[in-house]
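A.B. asks: Throw the hints in and build the complete structure from the sequences for me.
Protein chains in written order, with the working numbering: chain U, 869 to 1108; chain S, 663 to 898.
Hints listed in this document are in silico derivations from the structure and should not be mistaken for laboratory results.
Wrong hints could be hidden among the right ones.
Think about it this way: if two alpha-carbon atoms lie no more than 20 angstroms apart in a straight line, the pair counts; the simulated SDA-like pairs of lysine to any residue are [as the list claims (entries may be wrong)]:
1. U/1003 x U/961
2. U/964 x S/830
3. S/675 x U/957
4. U/964 x S/681
5. S/675 x U/956
6. S/671 x U/1003
7. U/996 x S/677
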Amino acid sequence: MIIAKQVTKYFGGFAALKGISFEIGRGEIVGFLGQNGAGKTTLMRILTSYLPATSGGVFIAGVDVAKNSLAIRKKIGYLPETPPLYTNMTVGDYLKFAAQLKDVPIKQQRIQIDKVLTECNIKDVRDKTIGTLSKGYKQRVGIAQAIINDPEVLILDEPTIGLDPVQIIQVRNLIRSLEYKRTVILSTHILSEIQQIAHRVLIIKSGEIIVDRSLEELLSEFDSNLEDTFLRLHSAKENQ
Amino acid sequence: MNKVLVIAKKELKAYFRSPIAYIVLIITISVFNIFFFMIIDQNREATLRDVFKAMEFLFIFIVPLLTMKVFSEERLTGTMEFLMTTPTTNTAIVLGKYLGSLIFFTLIIGLTSSYYFIIEFFAQPDRLAILTGYLGIWLEGALFLAIGILASSWTRNQIIAAMSSYATLFLLYFSITFIKYFSGLAQTLIRYIGTWSHAENFAVGLLTTADLVYYLSGIVICIALTRLSIDNRLWR
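C.D. replies: Okay, structure coming up:
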């Protein structure tokens, strides 16, 4: 479904990504794990066609992201790090705007909006102005926007940041309910989160993938929880 | 095309969701009304020529207020990332935003149409001159908006956006003042680039191809540059 080949990204002289390659199959839930500044957001921006890679390429369902970005953008739902919300719009208006821009057929728009309002548990704030909502609600409106067009690929940059424990569980359940239907990529630096949602982990460090394994494999090999594994791999890389 | 309208509608709604729209509308129309009264009272002529001139001058101050947030706010809040990752072309984004502010601007101009009815009631004005005059200030405003939106696409800071459009508009408007310090080609060029010589023709009922080309090409160039500017990925 998603193939990245030697993706490299330079910001000026700084190498944010250094030749990243991976393949993600349909229906997989993959977690990008890494410290702040490891290159997770840059990688996600390249996957969504928002940023061009300096070299290398990304293919989603066989289509080159850099060459045919409009076709790709129809297939993906993307939640950036800070939810991209118009603070003076109401939730309903905003979702309608998102549905229109994302080519949801006019007849389907109402149905889709109702569906995501329910799925993200934000029905009660439908007519509220986004600016007045709490962080948790805003984050969920951001997720609602990402799934409004039933995208094949869902890319979520730190989806549970700023949520309270109950909301975190809700978001996790939401993501898990998409399993097998969609390919989900999420980034986080919260390890327990990956452990509970993802099938597979890509650990990114200073722009390189240092681990690309299924979660089960990884945990059984190191015979411990993800946190220890992560720390061990991280320091192992450092000592090299 | 559909997306252009969707974005234009959103822009227009955004104006009316914030107090800016109402403040600009009320203050602008009040100031226009005062000028209208003063000019008509003084000239005692059934023409809007000088009223158009006053309006044109006031546009320099109003337009940057309308356009400063168009792109800079989207960049600041990160909604630009949302817009640009939906299946919407950058051209549609720029055109939609331009159309939105143009409609709002047209509304302001539309509210001044009462001036025509007032002078029509008391005298026999030259209708054609008023019509071309309106076309002239509308085109002038449309060009100013395009410049303001271009400035807004350069920065995520609204103040910088407003200041750069003020600077550009002042240069365009007052360039005629400096014309005496130049000669030959430079003088012709400045006369052509400045808005002064173009707007004047419309107000007296003269419709020339050169003036139309000036405004339309200016608008197209600014929109194309805006499109390039948001395409430029350096700032992302």
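A.B. asks: Determine for every hint whether it applies to the structure shown.
C.D. replies: Evaluated hints:
1. Proposed proximity of residue 1003 of chain U and residue 961 of chain U is supported: the alpha carbons are some 19 angstroms apart, at most 20 angstroms.
2. Only pairs whose Cα atoms come within 20 angstroms are accepted, and residue 964 of chain U paired with residue 830 of chain S is rejected, the gap being roughly 37 angstroms.
3. Using a Cα cut-off of 20 angstroms, the hinted pair residue 675 of chain S and residue 957 of chain U holds, with the two alpha carbons roughly 9 angstroms apart.
4. For the suggested pair residue 964 of chain U and residue 681 of chain S, the alpha carbons sit about 23 angstroms apart, so the restraint of at most 20 angstroms is broken.
5. Pair hint residue 675 of chain S plus residue 956 of chain U holds up; C-alpha atoms about 10 angstroms apart against a cutoff of 20 angstroms.
6. A hinted pair counts as satisfied when its Cα atoms are at most 20 angstroms apart, and residue 671 of chain S with residue 1003 of chain U does not qualify at roughly 27 angstroms.
7. Under the criterion of a C-alpha separation no larger than 20 angstroms, the hint pairing residue 996 of chain U with residue 677 of chain S is consistent with the structure, at around 18 angstroms.
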